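Once you have looked at the hints, place chain B on chain A.
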Amino acid sequence: DGGITQSPKYLFRKEGQNVTLSCEQNLNHDAMYWYRQDPGQGLRLIYYSQIVNDFQKGDIAEGYSVSREKKESFPLTVTSAQKNPTAFYLCASTPSLAGLQETQYFGPGTRLLVL
Amino acid sequence: DAKTTQPPSMDCAEGRAANLPCNHSTISGNEYVYWYRQIHSQGPQYIIHGLKNNETNEMASLIITEDRKSSTLILPHATLRDTAVYYCIVRVGAGYSGYSTLTFGKGTMLLVSP
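Heads up: the sequence lines are chains A and B, in that order. Be aware that the first sequence starts at 1, since it is given in the numbering used here, and climbs by one per residue. Be aware that the second sequence starts at 1, since it is given in the numbering used here, and climbs by one per residue.
To be clear, the hints were calculated from the coordinates, so they are not data collected in a lab. If you're wondering where the values come from, they're calculated on a predicted model, not measured in any experiment. There could be a bad hint or two in this list.
Derived pair list, reagent style DSS-like, types lysine-lysine, alpha-carbon separation capped at 27 Å [stated by the list, open to error]:
(1) 106(B) <-> 57(A)
(2) 3(B) <-> 57(A)
(3) 52(B) <-> 3(B)
(4) 106(B) <-> 3(B)
(5) 83(A) <-> 106(B)
(6) 106(B) <-> 9(A)
Partial pick of chain B residues on the chain A-facing surface, computed with a CB cut under 7 Å [claimed, not checked]:
(7) 43
(8) 44
(9) 105
(10) 106
Where is the CB? At the ideal position from N, CA and C, for every residue including glycine.
With the rest of the complex left out, here is chain A:
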């Protein structure tokens, strides 16, 4: 079955530690996205990528980094510079970024908790 997988489902981070969230898609989509969701809030865009080796900052990129070395993979690193990392992180993809009619497909999410 085609889709987006995220791992792990739950992740615990110690103070000052970097952690990496995995996102893989087998939909052959060009564009991928990372969102953060806080309790009772909507989704906020962290980073997005149109194509391999290219990515752009979203609305709340500070304290995060990404890479796009392969089309199917878009890992997100939450660095120690992110002072409030506890949140639900969602990865998504679309065939491309250019079309106004394209729907986003979401992964199941990773919940990050700071110890």
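Structure of chain B alone, referenced to chain A:
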């Protein structure tokens, strides 16, 4: 960027139609209206989208007013599994990079009860 306004919560009895309103008075002529829903602790799920005509699929119907300033998502026979947060989104226009993204607000929490 066009923004949307939705009621924070709504209730619906199981088996009845759920009508979820959305205001998007600043929508541009080429921007589509999208609806997604999110069941607790899961990723959002696409429901339907439209530009100016009413749309229907196996999940729902989308009614867009003639002036495109508002729309209504209709779940014709709501079930308990339809309990979720429903997001009305207007596709943000392409920025300097030529890319466009979705902007999610807080949505409407729909509670379907027996």
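Quick rundown of the hints versus the structure:
no.	hint	verdict
1	106(B) <-> 57(A)	holds, 22 Å
2	3(B) <-> 57(A)	holds, 21 Å
3	52(B) <-> 3(B)	holds, 17 Å
4	106(B) <-> 3(B)	holds, 11 Å
5	83(A) <-> 106(B)	holds, 23 Å
6	106(B) <-> 9(A)	holds, 23 Å
7	43	holds, 3 Å
8	44	holds, 5 Å
9	105	holds, 5 Å
10	106	holds, 5 Å
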